[in-house]
Structure formats: C-alpha cells, structure tokens
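With chain A fixed as given, assemble chain B onto it according to the hints.
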Amino acid sequence: MIRFILKRLGSGLVVLFVVSALTFFLLYVSSGSIARNILGDQATAEQVAMKEHELGLDQPLVVRYFSWVADALSGNLGASWFTSEPVANSLATRIPVTMTMVFAAMILIAVCAALIGVIAAVKRGWVDRVVQVGAIIGDSIPGFVIGVILVTILAIQLGLFPATSTISPESGPDAWVYSMSLPVIALLVNGVTGGAQQIRSAVIKQLERDYVRTLRSRGIGEREILFRHVLRSAAPAGLTVLSLQLIGMLGGVVIIEQIFALPGMGPLAVAATGQSDLPVVMGVVMYTVVVVIVVNLLVDILNGWLNPKVRVS
Amino acid sequence: MKLGPKAAAAALVLSASLALTGCGGAANSGSAAGAATALTLGTVQDVRSWDPAQAHVGHVLQPYQAVYDTLILRAPDGKLSPMLATAWKYNAGNTRLTLDLRTDVTFSDGAKFDAAAAKANMDHFKKANGPQMAQLASVKDVTVVDADTIDVNLTAPDPALEYFLSQAAGLMGSPKALGTEGIRTEPVGSGPYVMDKAASVKDSQTVFTARKDYWNEDLQKYQKLTFKVLTDLTARTNALVSGQVDATILDPKNGKQAEGAKMKLAANEVDWQGLLLLDREGAKNPALANVKVRQAINYAFDRKTILDQVMLGQGTPTSQPFGKASGAWTEELENYYTYDPAKAKQLLKEAGFEKGVTLEIPSVPGFETQISVITQQLADVGITLKVGAALTNTYTADIAAQKFTTIFFSLFQGQPTVAIDQIVSTKALYNPFKNTTPELDAKIAAVRNGGADTGTLAQEVNRYVVEQAWFAPLFRVNQMYYHNSKVNVTPQIQQAVPSIYNYSPAK
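Going down the list, the protein sequences come from chains A and B. At position 110 of the first sequence the residue is numbered 110 (the numbering used here), and the sequence of numbers has no breaks. At position 395 of the second sequence the residue is numbered 395 (the numbering used here), and the sequence of numbers has no breaks.
Looking at chain A on its own, in the form it has when it is part of the complex:
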C-alpha cells in the first residue's frame, strides 16, 4: 500500500512539473507587454522599461522559469505583479473559502445522491421515473442559472439570505453558513442529480447479479443484502463519480463565486488569467493540480480499502 501511494505521489510530481512548465510557457506567449498592462495606458516607454526590469522580464524565459521553480521548491511562490501580494498569502486566504464550499457541497451531494440513487434502484416504478426525470432537468440547468434564480427569489424577493457574500473576520460562523448556503445549493444540484443517476445504475446492476439471487435464496433479508453486499460492491462506481464531480466543481465554483462575490479562488483565477499575472496564475494552477492529484489518490486508496482486488492490480 505504501509503495502504491509513493508511486502515485511520484507520478503526481511529474504531472506538477509538466503542467507548471506548460502553463509558464503558454502564458509567456499570450502575455505580451505585461509591464504596460500593469502601468496602464498613460505610462511612458521609460516607465514600461523600468517595470520590466523590476519584474525581471528582461531575463530570458528559461532563466525565469527555472528561477520560479527554484523559488517554488523553497516554498516561495513569488508575489503578484499587479498587487505585490505574496501568492502564498493569496492562496491561504482564498483556498479555505473555496474548499469550505466545495466540501460542504460534496458531503451533501454524497449523502443525497446515495439516498436518492439507492431509493430509485430499490423502489423502481414511479419513484424511479421521478428521479430519472429530475436528473435530466437537474443536469440541464447550469449551476450559475440556479444561482441567479436562488438569489432573485430567496435573497432579493424574500430577503432570507444575503445576495452576495458577507464573509469577514468580524462576522461569526453563522454569517459563514448564511453566505455559503445559496452558493452551495447552486453547486450541488447538478452533482446530486448526476450522482444519483450513476449510483442508481450501479445499484441496479449489482441487484441483478447472481450473488444477490443466491443470498435471497438463502433467506437473507433484503436490508442486509442491500447494506452489506450490494452497496459495498456499488461503492467504487459511486466514488469515481463523486471524485470526478469534485474535480469538475473546481471549474463550476469559479462562476458561482463571481455571482455571489465570494473571495475564493475563482475571482482570483479569473482576474489573474485576464491580466496575465503570471505568479498568481502559476499559484492557482499548482493548487488545482495538487487538489486533483490528492483527490485521485484518496479515491484510489478508498477503492482499495473497499475492494482488495483493486489494490492488487
């Protein structure tokens, strides 16, 4: 198991390196005169040259990349070209906001999708049909549209929630829950419907297997079959779906955070990419890659724990 984890971590590092190099060089190609962008349209040519020197943009690209790598390895991700805020600081204040939202949504998605999926698979009939139709509707409405509808009805019309985030250090945990409720709901609808659908088919597939018939013929109760055998066998499929959803959510959360003005990774990523603020973009990309690697690793470990066959292969 430890060898397996180390192997995965090793390949993760390679991915990290490759992605960082690609991002760095691609941004270089698209960034043009970054110094002029920083200084605005009233800056003189001398100002621009001064800024380029200040940022080290007069160095060759390869030198810049490897000095970035060297700094990053020693834990220094640099500072934003536009605000001079250290990238590590930016990430440290924004990751908790985004991650709170993503994990709250994921936990709710896991619980709701499992419940709905299992009920639909076990009950079939009209319950199943309702779930199926609901899944299509849920899947076809983008999260940001749900967000806008929620704000209009629950925040502006009814005044139950704040229309945009009110998170600040002086506000207590209740303000956090308040600010996060609508964005989390907007995020989880697609996940719940999509996840329920997958879990439903996985459970149905297991219920049709021979071992279920054998268990039934031995007089073992439906409840025990479902919880001890079927769910355990269906779990890997569900886990994979959830991990894919979590990774997909890293993208979806960007728009949701914009709509609700949450100071998370989304607005940071959008602003930094738009401005070609290379140190910040690199920080955001590194964070995303690390999340993807860690999530995949956790899912593999969990799958191995649920199903020893996976571990061996």
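Hints were generated in silico from the structure; no laboratory data involved. Ideal Cβ positions, reconstructed from N, Cα and C, are used throughout, including at glycine. Some hints here could point you the wrong way.
Said to hold, decoys possible - With a Cα cut of at most 27 Å, we get these calculated DSS-like pairs of lysine-lysine:
#: 1; chain 1: B; residue 1: Lys112; chain 2: A; residue 2: Lys51
#: 2; chain 1: A; residue 1: Lys51; chain 2: B; residue 2: Lys427
#: 3; chain 1: A; residue 1: Lys51; chain 2: B; residue 2: Lys486
#: 4; chain 1: A; residue 1: Lys51; chain 2: B; residue 2: Lys202
#: 5; chain 1: A; residue 1: Lys51; chain 2: B; residue 2: Lys253
#: 6; chain 1: A; residue 1: Lys51; chain 2: B; residue 2: Lys126
#: 7; chain 1: B; residue 1: Lys253; chain 2: B; residue 2: Lys486
#: 8; chain 1: B; residue 1: Lys112; chain 2: B; residue 2: Lys140
#: 9; chain 1: B; residue 1: Lys140; chain 2: A; residue 2: Lys51
#: 10; chain 1: B; residue 1: Lys262; chain 2: A; residue 2: Lys51
#: 11; chain 1: B; residue 1: Lys403; chain 2: B; residue 2: Lys434
#: 12; chain 1: B; residue 1: Lys403; chain 2: A; residue 2: Lys51
To be verified - One side of the interface only, derived from the structure: several residues of chain A facing chain B at Cβ under 8 Å:
#: 13; residue: Gln42
#: 14; residue: Thr44
#: 15; residue: Ile153
#: 16; residue: Ala155
#: 17; residue: Asn307
Below, chain B alone, put in the same frame as chain A:
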C-alpha cells in the same frame, strides 16, 4: 425496506432542506442596515496597493480619498479649493508653483504633515512608477521653502498640475510609512478615515472607521465606511437591490432593474465612444490619409439612433472628442457631422474612392453591439468594416506598435492637456502613428503655455481634430451610478464614481 411516496418525496428535496435547516439563524441584511452613519459602497475592484503613489484615476482613486488627503480639493463641479494646501500661486513664467500648507494636520501614525512631508510624497511619487507617474512628469524638483511652504519647480509649464495635485499626485501619505512594505496593505494617511484592518478581507471588503479629531469635519460624514468588492455586474445589481450596498455603478440595462427597485440614478458623462481613425497619414491604409474619407465616415453615422438602441439613450450624440467639462468643448462642434449618407458618398467620390473603402478594426470585448451597428451604417455608404480578432489584454502594447489603423473604443474625457496627451499629441498612446502638423503643434504649444486660458485655447485643438476628422466620435455616455434613498450622492465631473466627499446621509 419499505418507503412510501411521502418519504421518497422527502428524499428528493433533501438536498435543499439539509442546506436550509443548517442556517435558521436571524437574517443579517448587511451593514447598510446598521447605524445611519454607515456607508457601504460597491466597487468594481480592490485597491492593488495602498501606497499613495500607486493610486489611479476615477473609481480607482475613490478608496484612497478615504485615508489620504490631497494637497488640493476638487469640488464636484471641478473647481479647485484648498485642502492640505491653503493657497498656491504660479510665478510669472508658470514654471514654479508655490504652495502654502496647513500646519495643524497629523498622519494616523502620529507623524506631522509639513513641507518636508509634502516633498517626501512628491519625490516618492516621481520614482515609484505608479500608473499615474506621468502626472508629475513636468516636475523637475520640489524644494522646501519653510516649514509650511514648498516650491514645485517645473521643466515646462503644465496647466494640469493643479488638477493633478487634487488627484493621485496630490495624495499625502505619512513620510514614515512611504516606501515600506506595510503601506502596501495598510494605508497611513491624514484623511477622514482609518482602515480597520481586522475587519477587511482582500478582494472582498475594506472597512474604514472615522478618524478621531480629523481636521476637517465637513468631509467626514460617516462613522463607518465599507468598500465591498463586487466585480460581477449582476452581483453589484443584486447587492444594491437587496440593500447590501448603498451605492454602486451599473450599466443602462441593469440600471432598469435597479430603477424598478426604486434606486436613484446619479448620471454623469465621463467617456466618449467612437472610432479613432489612427492612420491619418495612410502609412498602412492609404484611404485614411484623405480627409474626405475620414469626414465621410463621420457623416455615415446616425448617432442618435445608435445611442437609443445600444445604450438605451443614456448619453449625448457628439462629433467632438473633448468633454463638456474640459473647457475645450464648444456648442458648434457638437453636431458638426450630422447623419448624411448622401454627403458621405459624395465625399468618397470626390476623394476618388467611389468604389468603396475598406477599414480594418479589431473587435473589442463589450462593444460588439456598437461595432456591428456601425459596420451596417458604414456599409450603407460604401465603406466596408472588416472586424478582426478581439483586443486582448495586450491592446495598449498593440496600439503603440501600430497594429491597428482604426479602433473603436471608449475613452475618458479629461482636462485639456490630459486629453491632448491621451489622444492628440505625438506622445499620446492613441496617436500611435505620431500624426501632427506644424499648425497643430502650434495650437498644442499655445495650450501648454496658456495658463488660465488653456480651456479656450484647447478649443482650437478640438476644432482642428474635428474638422480634420481625426476621430469619428458617436456619443458621450452616461455613467450609471445608482444609490438608495438613505444616501445623497453628488456626481463628480470627469469621474465615473463620485469622490468620497460627495456622499452624505439623506435627512
């Protein structure tokens, strides 16, 4: 495992109910609902650095005014009045400005404001490479005359200098804090408010509280001031309509929603939109060298209709690039080019382009509708507009590199010399082909040396570029600044958002 329809239905709505039950506490409708002396403003972006030398113009200047006083105060109508400087005077040649300073002002870190502090700020501004560094480009040096007097020595007269000292270049920070790391994240000024760093979150909100014993109570109308960063237009609209912010800037379309919720509009014309016919000597597009072609372009537009359709009528059609408040604006140039397709065709014929002219312009994000409408109207007179790839974030560099012969843009209308150095003079970014004539040079020189008459003298520059059709302006657009009934707002000329002093609690 029997589940009735009720239980199944309950499971279906579980996702929503789980989230909802977790938050049954009392609703908090935002800080705006608190004490009457709190003001919350929705802003488009956070301040990049609180170093006063990094301040910018317009809405990017407003937050700095909360913590930093300027040497000169600019009233909403543009009139300059004393602030940290009690009086100022030019020498005979307009090359030295002497400022008398207040003696009763301290910074929030206890440092005293005096001539040495003012000099330290201006010296810092000149070398800090901020976005407005050009504001002090004409300043040779600053000398301390006595404890409360400075001389600002110029290399050449600069009629905009006093105005600049009411803007970024005039912001005064504590000399003890200037140049330190700390001032980037926490401002240290002498202004009406001090930052509450503990309550502030980068890119989310910045909170200020009234500074005790501030020297000018008239400018300190609130106990608490919050800037809430709302980059997204929909988020700004929602925050205003739901009462989370007291005032913010929207656009005509979202403004309708705000008006539906009884928000008030403080409209103000700040920018002009239209075509910049950059290649006036025909370096890349020979047709543009002919003044008749450029005039034909101007006659091709039905400005009023475009304004009504695209901007919901929020603005004023115009043929001149200089703004109404600049002094360079004249009534007679306002409708110099009226909609006259027949005349446009006639001019093209006279210029030898009866078979048509092709112009290439880049697409500009946010202006797609305008560009498609003018493409149609130009086609009607025989001018083909070829719209290319969109401007990217490198557009300033691309413009400077003469990549475009014509562009559609929205540009700020500033003071005469500011506008001249933005779009007319050979050092202007928006004159990348460095077009000029001896006649124009003479007119510009007259403005620069014009002292109190710069406005009137700049009318000549304005007339020149209108008659020569350097541009094809369509209209000045309204900035749609909305606020609720709890606050009175006075628009500030040449600013999309008002200065911080222009807000007061509604009685």
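Comparing the hints with the structure gives:
With a C-alpha separation of about 32 Å, the suggested pairing of Lys112 of chain B with Lys51 of chain A is violated against the 27 Å cut-off. About 19 Å separates the Cα atoms of Lys51 of chain A and Lys427 of chain B, which keeps this hinted pair within 27 Å; it holds. For the hint linking Lys51 of chain A to Lys486 of chain B, the alpha-carbon distance of about 44 Å lies beyond 27 Å, and the restraint is violated. Under the criterion of a C-alpha separation no larger than 27 Å, the hint pairing Lys51 of chain A with Lys202 of chain B is consistent with the structure, at around 24 Å.
At roughly 39 Å between alpha-carbon atoms, Lys51 of chain A and Lys253 of chain B are farther apart than 27 Å, so this suggested pair is violated. Between Lys51 of chain A and Lys126 of chain B the alpha-carbon distance is near 14 Å, which keeps this suggested pair within the 27 Å criterion. For the hint linking Lys253 of chain B to Lys486 of chain B, the alpha-carbon distance of about 23 Å falls within 27 Å, and the restraint holds. Between Lys112 of chain B and Lys140 of chain B the CA atoms are separated by roughly 25 Å; this keeps the pair inside 27 Å, and the hint holds.
For the given pair, Lys140 of chain B sits about 21 Å from Lys51 of chain A by alpha-carbon distance, which is consistent with the 27 Å threshold. Note on Lys262 of chain B and Lys51 of chain A: the hinted pairing is violated, with a Cα-Cα distance of about 46 Å set against a maximum of 27 Å. Among the hinted pairs, Lys403 of chain B with Lys434 of chain B is consistent with the structure: their alpha-carbon atoms are about 13 Å apart, no more than 27 Å. Taking the CA atoms of Lys403 of chain B and Lys51 of chain A, the gap is near 23 Å; set against the 27 Å cutoff, the hint holds.
A hinted interface residue such as Gln42 of chain A counts as satisfied when its beta carbon comes closer than 8 Å to some beta carbon of chain B; here the least separation is about 5 Å, so the hint holds. Among the interface hints, the one on Thr44 of chain A holds; its C-beta lies about 6 Å from the nearest C-beta in chain B, closer than the 8 Å criterion. Because the smallest distance between the Cβ of Ile153 of chain A and any Cβ of chain B comes to about 12 Å, over 8 Å, the interface hint for this residue is violated. Checking Ala155 of chain A against chain B: minimum C-beta separation of about 6 Å stays under 8 Å; hint holds.
Interface hint status for Asn307 of chain A: violated, as the beta-carbon distance to the closest one in chain B is roughly 24 Å, over 8 Å.
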